[in-house]
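Using the supplied hints, reconstruct the complex from the two chains, each of which is provided in its own coordinate frame.
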Amino acid sequence: MKEKGWKECLWGGLIVDAGNSVLYKTGDWRSQRPIRDEQKCTDCLQCWIMCPDAAIKVKDGKIVGIDYDYCKGCGICCKVCPFDAIEMKEEGEK
Amino acid sequence: MIHAFSGNAAVAYAMKQINPDVVAVYPITPQTVAMERFADFVADGDVDTELIMADSEHSAMSCCIGASLAGGRVMTSTASAGLALMWEVLFVAASNRCPIIMNVMNRALSAPINIHCDHSDAMGARDSSWIQIHAENVQEAYDNIIQAVRIAEHENVRLPVMTNMDGFTLSHATERMETLEDQQVQKFISEFKAIYPLLDVDNPVTYGPLDLYDYYFEHKRQQVEAMELAYDVIKKVGQEYGKMTGRSFDMLHPFEMEDAEVAVVVLGSTSGTARVAVRAMRQKGIKVGLVKLRVFRPFPKDELREMLKGMKAVAVMDRSDSFGAFGGPVFSEVRSALLGEDVEVVNYIYGLGGRDIRQDQIEQVITDMSTVAKTGKVKSFVTYLGVR
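Line by line, the protein sequences give chains Z and P. Residue numbers 937 to 1030, in the numbering used here, belong to the letters of the first sequence in order. Residue numbers 4 to 391, in the numbering used here, belong to the letters of the second sequence in order.
Calculated from the structure, these hints are not laboratory results. Some hints here could point you the wrong way.
Claimed, not checked - Each computed DSS-like pair below joins lysine-lysine, with the alpha-carbon atoms no more than 30 Å apart:
#1 K287/P x K938/Z
#2 K976/Z x K998/Z
#3 K943/Z x K238/P
#4 K238/P x K287/P
#5 K246/P x K190/P
#6 K238/P x K223/P
#7 K287/P x K380/P
#8 K1008/Z x K998/Z
#9 K290/P x K238/P
#10 K239/P x K943/Z
#11 K196/P x K943/Z
#12 K377/P x K290/P
#13 K940/Z x K223/P
#14 K993/Z x K1008/Z
#15 K940/Z x K995/Z
#16 K290/P x K382/P
#17 K287/P x K377/P
#18 K961/Z x K223/P
#19 K196/P x K940/Z
#20 K223/P x K304/P
#21 K238/P x K196/P
#22 K995/Z x K1015/Z
#23 K290/P x K380/P
#24 K1008/Z x K938/Z
#25 K304/P x K943/Z
#26 K382/P x K943/Z
#27 K1025/Z x K995/Z
Stated by the list, open to error - What follows is a set of in silico ranges between Cβ atoms, one per label pair, in the way DEER data are often shown:
#28 Y387/P x E939/Z: 48 to 54 Å
#29 N956/Z x G249/P: 48 to 54 Å
#30 S957/Z x Y387/P: 53 to 59 Å
#31 D130/P x E974/Z: 54 to 60 Å
#32 C980/Z x D130/P: 56 to 62 Å
#33 G327/P x A990/Z: 49 to 55 Å
#34 K239/P x K940/Z: 28 to 34 Å
Note that this is a predicted model, so its numbers are computed, not measured. Ideal Cβ positions, reconstructed from N, Cα and C, are used throughout, including at glycine.
The shape of chain P in the complex, shown without the other chains (with noise of 0.2 Å):
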């Protein structure tokens, strides 16, 4: 079907169609809105979903934790500072091995106080074990959910999966996109396989013992191994859930990458801006190219090395700073998966507390890189993109 939905629109009816056991949240701009249409859907009758409406985001990953050990799906939704005030159980979430599927509406982080888009409060938690899927527009908001309940249950992977878009710019901005039917959707997710469920009384387990120096690090080793498996689970949930829908899903998508010199690469709705930059710049004769980067955890090093690998320079850019870093999160990344290889890397902060990323912007970003690969000389490796 054919909708106009805004993100808050779109992530409702997604959830919707996914009808999860419960839901807890806790309202947080910019991501209330799709929290209550949800709550209409609960109220109508729509979904079987019990709501609950904790009194924190804490308390709401708590709840998402205990609902998901006891075997049900669990999903939720947040967005800044209430991510950051998750951050201590998102950690639970992932060692306790919950496939919780949370939707983040990326802000900024206080203070001073804004409601706009960053990703500081994804990139804060890019450690704690989530996978992370970034979505450019509101299509892919809905179709990142869909595939996430797939991910996330895999018995591979079984780690929640946080899918990321663009606060404002995407949750509320109304765009044209299509749903699938809701036979679709449950057929494509299937019934919920609870693993050692609190609820099964006959065979009692025990979640969250003490762990310390004797058996803790070999929990840890198990998390990393899920996340090198999640790399081919989401590929080929992507590729299945492409077929369905005749849109592709990967880990990378490039454009115009084929006879590329320089290349941008970029995550979320910038990603569009970043095409139509590109496509004028070709237009004057640079060969550039774009690698948009879909999956920051688990993080497609070996892909995107084969991706950038030969380029003269490429442009990272980030959408948080990490403040006394060299650089943000997706270049040091990037960079150290280039670690070897004969590119410069250099990074581009942009676009905090909402401040607006314009085509003339990337084509500057474009150009800069075409200097650096006819010079080989790098001014400054990291520059702030449009701060006065």
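One chain only, chain Z, in its complex shape (with noise of 0.2 Å):
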């Protein structure tokens, strides 16, 4: 998202576009990344419960991917998984 400036934006920070959240993409905050091991999955979802960002997708009752989009590395579903199906991993790491 192109940052604006002073002349182009609406004062004091007023947002008159609702649900505009979607717009921001809080994964850039991570420093660690969730890495999902799909042969120790289970799909028990877990993770899906537990993720406070809601960065686990889930299709069909299936676990089909992790949203980096939003996804802040808090590490949660790493520490929930009962199958150690989850790693977590630092960011720029191969």
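Shown next, in the form of structure tokens:
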């Protein structure tokens, strides 16, 4: 998202469009990235229940991936996983 | 209509004629009488105003902000410690671009407790992005409040306006003054136009979101621009109001400046005393002029520079001090506006805590200026006038 200059934005941080928080990619804050091991995952959905940012993507009862646009890297998914299927890796690490 | 009104009565009358949607107040000397009178107007059904008796000035200003953002025309009044308690929310009002009108009866700050006039309260709020206008007399106090509505609500400005008047010296002094007819006031201020009001539920908006390093700076820059644009608006509103009343209103009001060699800069009720002193010293052969600073924010730096360049000496009179700084707040601004000009600018701090300022003291200031002009030497850049 291109940042606006002072002549282009509304005064006082006024927000006139509802539902715009989706534009704010809070995934930028992440320093650690959850990596899911599809072999170990049983789709128990504990991570989906606990994720505070609704960043575990589920389709038809199955986990289909992690939404890195909004995952802040808190590591709760890794902590709660009963099967050690999620590992936290430093951002930038291969 | 001609009245004999105290400053407080004039404030209440102006507010009655403006008939704001919401007034939120907390009493404080010397402003209390104005709000008591206005409460009478509310009780008698003379106005449609929703009057909120808040539990502190911090709450009063917070109520004003809420009501303003909701989409109403909002006014309040305070003084001294009341203004100091509002300090945090003054910035919120200005940053959210609430066109609130607040009359301040200038009074000293504690401690020790003092209820009398000086400008420490208003000067403490000078960086809050509020427009600040100072009145010389009760008439001007009334006139400034009505003009303030137009200035604050102008679409290029949308900033709150603080109309200042000297506590007791004006608030409790009864003077002859003229008021406009109610319809004239209503026509002059016209209907309030809410911009992005919170109560427009079909177009929901969010005020005051988290605004960090990525946008806060841009929003502050916008406030700078609004202050710059306010300059023109204040002048035009003053001209229009002047045409209607036959009285003149500008950023600066010069007196005997045409051939002046030395000048005195002053704001508030002391301007009247200073004018008499200038007249007396002119009779003694000193070519002295007076500049009354009516608007302190936005500070009329260019106009002031034009008016004062070529002077041999300028005395700036401050009714508050900025402890630890080089002189009082008005002095700092004037001196900075004259940077690069060959003018000696000196400061007189006077009248703290309501200490009287007499004609002979201002005449002494003028004599001092005359000496500086002749010798080119300044004995002291900051003088405490009338302190023992």
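Now for the hints, and whether the structure bears them out:
no., hint, result
1, K287/P x K938/Z, "violated, 67 Å"
2, K976/Z x K998/Z, "holds, 13 Å"
3, K943/Z x K238/P, "holds, 24 Å"
4, K238/P x K287/P, "violated, 35 Å"
5, K246/P x K190/P, "holds, 14 Å"
6, K238/P x K223/P, "holds, 24 Å"
7, K287/P x K380/P, "holds, 22 Å"
8, K1008/Z x K998/Z, "holds, 22 Å"
9, K290/P x K238/P, "holds, 28 Å"
10, K239/P x K943/Z, "holds, 24 Å"
11, K196/P x K943/Z, "holds, 22 Å"
12, K377/P x K290/P, "holds, 12 Å"
13, K940/Z x K223/P, "holds, 14 Å"
14, K993/Z x K1008/Z, "holds, 15 Å"
15, K940/Z x K995/Z, "violated, 37 Å"
16, K290/P x K382/P, "holds, 21 Å"
17, K287/P x K377/P, "holds, 16 Å"
18, K961/Z x K223/P, "holds, 25 Å"
19, K196/P x K940/Z, "holds, 27 Å"
20, K223/P x K304/P, "holds, 20 Å"
21, K238/P x K196/P, "holds, 21 Å"
22, K995/Z x K1015/Z, "holds, 22 Å"
23, K290/P x K380/P, "holds, 18 Å"
24, K1008/Z x K938/Z, "holds, 21 Å"
25, K304/P x K943/Z, "holds, 24 Å"
26, K382/P x K943/Z, "violated, 48 Å"
27, K1025/Z x K995/Z, "holds, 25 Å"
28, Y387/P x E939/Z: 48 to 54 Å, "holds, 50 Å"
29, N956/Z x G249/P: 48 to 54 Å, "holds, 52 Å"
30, S957/Z x Y387/P: 53 to 59 Å, "holds, 56 Å"
31, D130/P x E974/Z: 54 to 60 Å, "holds, 59 Å"
32, C980/Z x D130/P: 56 to 62 Å, "holds, 58 Å"
33, G327/P x A990/Z: 49 to 55 Å, "holds, 53 Å"
34, K239/P x K940/Z: 28 to 34 Å, "holds, 30 Å"
Against the hints set out earlier in the document, violations occur for numbers 1, 4, 15 and 26.
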